[in-house]
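All residue numbers for the sequence shown refer to the numbering used here, where the first residue is 120 and numbers rise by one.
Among these hints, one or two may not hold up.
List of simulated lysine-lysine pairs, DSS-like, C-alpha gap at most 30 angstroms [said to hold, decoys possible]:
hint : residue 1 : residue 2
1    : 460       : 306
2    : 298       : 268
3    : 253       : 298
4    : 268       : 278
5    : 322       : 268
6    : 543       : 242
7    : 274       : 386
8    : 278       : 322
9    : 306       : 481
10   : 505       : 533
11   : 533       : 543
12   : 322       : 274
13   : 460       : 481
14   : 533       : 404
15   : 274       : 298
16   : 472       : 543
17   : 505       : 472
18   : 472       : 404
19   : 479       : 460
20   : 386       : 253
21   : 322       : 479
22   : 386       : 276
23   : 460       : 298
24   : 274       : 253
25   : 298       : 278
26   : 141       : 160
27   : 253       : 278
28   : 298       : 479
29   : 306       : 141
30   : 268       : 253
31   : 505       : 460
So the derived label-pair ranges between C-beta atoms look like this [to be verified]:
hint : residue 1 : residue 2 : range
32   : 175       : 282       : 48 to 54 angstroms
33   : 151       : 296       : 39 to 45 angstroms
34   : 404       : 300       : 23 to 29 angstroms
No lab work stands behind these hints: they were computed from the structure.
Where is the CB? At the ideal position from N, CA and C, for every residue including glycine.
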Amino acid sequence: MLFVVLLVASSVVLRADEESEKTDEERYYELMSLFVDTFEKIEKNYVDELDRREMVEAAVRGMLRELDPYSNYISREDIQRFNQTVDQEFGGIGIQVYIDPETTHLMVQTPLPGTPAYAAGVKAGDTILEIEGKSTEGFQVSDAVELLKGNRGDKVKLKILHEGETEPVELAIERDVIKLSTVLGMKYNDDASWNFWLNEDEKIAYIRLTHFSRRSAEELQVVLDELVLNGMRGLIFDLRSNPGGLLNQATAISDMFIESGRIVSTKGRNTPERVWDARAEGTYKGFPMAVLVNHFSASASEIVSACLQDHGRAVVIGERTWGKGSVQNVFDLEQGGSALKLTTASYHRPSGKNIHRSRKAKDEDDWGVMPDEGYQVAFTNDQLRKYLDYRRQLDVIGGHTENVEPFEDIQLDKAVEYIQSELKPAEAEEASK
């Protein structure tokens, strides 16, 4: 009996020694063989016939699900849509649509200036009855978007009922490359350009950034140059509900407002620390600045607001931000036919504090961007709903703003209050000269 026990014990020790002597590469191939063996057994023995690609893609998604919410697989079907989101550029006719909650009709929220739809006379409030001969009854917005998008030069046929009319009209609108601007103002002017003045008499400007796309910094520079030329004395920079975007655009925009010092740094397991510093050239200065954020401001929005806050360049007003301070790199798979978006590093603000909210983070931990002391102004859920509806009404080209249901934007009001308080000493100094 003792001999048997010793024999078993020695065999266990031998196996443990053999296991410890294996190289990382050998362990890697053993794990890969586990995957391949499982795949083969399923394919050969499962009760129903299976699609190999679907199985592999499901396995890839399963691996990524174990990592974090921001790492994901971009399939062949989704890769084009992903690239369009990053570029803010696609083939279409240039309209924003929504489903009327009362009638469930597909409605035009607004045509975009300079687009085929705008030129064809499509207006806010029009009902889209058919797209390419297909009734839009029961459509979701995504269904309509897929049919409206297409190759430049191709025509899309619409049956539209103009607001106030009784007979629908049929339009054949030629698609073009639609470039979505991410730098918006408070409302449209009569000529369909954006009005960036919140109070033109006091020269207080308002700029809203919806995303950080490839052209955001360039677009912002054009607007700022025009505002400075026309005597801007204060700026409110609205990043509310901005989900983020490209890191290089966040650093470029931050660099516009500070002359020196750190903008942001990134640290990863297998990547060296990388630091972005500001340059003195091209800095917009000499005016007070407020940054508006809310719970849905994330990623690149948090980089900009944290940078300007840490350098004392702007007061941050609103609500604590989302807390997405992780860096995702996109790796091509299948020669660019699909892709892997993988978290590779985390952001750190100029103060060195963390931005990212981990799964186990508590409210008292450092994450996200907190409004400056005395400037925390939160919306209730009802106020947020009313704000979004109000914003949607103001974003209509040719809309009549006098008919827009009033909404008291307490966050924006607080920003105006701050800017005006900063301008008063300067006005008093000028008056005493």
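Point to revise | Holds or violated: residue 141 to residue 160, with C-alpha atoms at most 30 angstroms apart | key: holds, 26 angstroms
Check your understanding: Is residue 543 within 30 angstroms of residue 242, Cα to Cα?
Key -> Violated, because 43 angstroms separates the two Cα atoms, which is more than 30 angstroms.
Review point. Is it true that the CA of residue 306 sits at most 30 angstroms from the CA of residue 141?
Key: Answer violated: residue 306 to residue 141 is near 66 angstroms, above 30 angstroms.
Practice item. Compare the distance between the alpha carbons of residue 533 and residue 543 with 30 angstroms, and conclude whether the hinted pair is satisfied. Key: Between residue 533 and residue 543 the Cα gap is close to 16 angstroms, so the pair holds against 30 angstroms.
Exercise for review: Could you grab the alpha-carbon distance between residue 322 and residue 479 and see if it respects the 30 angstroms cut-off?
Suggested key: Violated - the C-alpha atoms of residue 479 and residue 322 are around 45 angstroms apart, more than 30 angstroms.
Check your understanding: Going straight from one Cα to the other, do residue 268 and residue 278 come out at no more than 30 angstroms?
Key -> Between residue 268 and residue 278 the Cα gap is close to 16 angstroms, so the pair holds against 30 angstroms.
Exercise for review: Given the range 48 to 54 angstroms, decide if the beta-carbon distance of residue 175 to residue 282 lies inside it.
Suggested key: holds, 50 angstroms
Check your understanding: Is residue 386 close enough to residue 276, meaning Cα to Cα at most 30 angstroms?
Key -> This hinted pair is violated, its Cα atoms lying about 51 angstroms apart.
Exercise for review: Would you mind confirming whether the straight-line C-alpha gap from residue 472 to residue 543 stays at or under 30 angstroms?
Suggested key: violated, 34 angstroms
Check your understanding: Quick one, are residue 298 and residue 278 close enough, alpha carbons at most 30 angstroms?
Key -> Between residue 298 and residue 278 the Cα gap is close to 24 angstroms, so the pair holds against 30 angstroms.
Review point. Regarding the pair residue 322 and residue 268, is the alpha-carbon distance no greater than 30 angstroms?
Key: violated, 40 angstroms
Exercise for review: Can you let me know if the beta-carbon spacing of residue 151 and residue 296 is within 39 to 45 angstroms?
Suggested key: Because 43 angstroms falls inside the window, the suggested range holds.
In this structure, the earlier hints numbered 1, 5, 6, 7, 8, 9, 12, 16, 17, 20, 21, 22, 28, 29 and 31 are contradicted, and the remaining ones agree with it.
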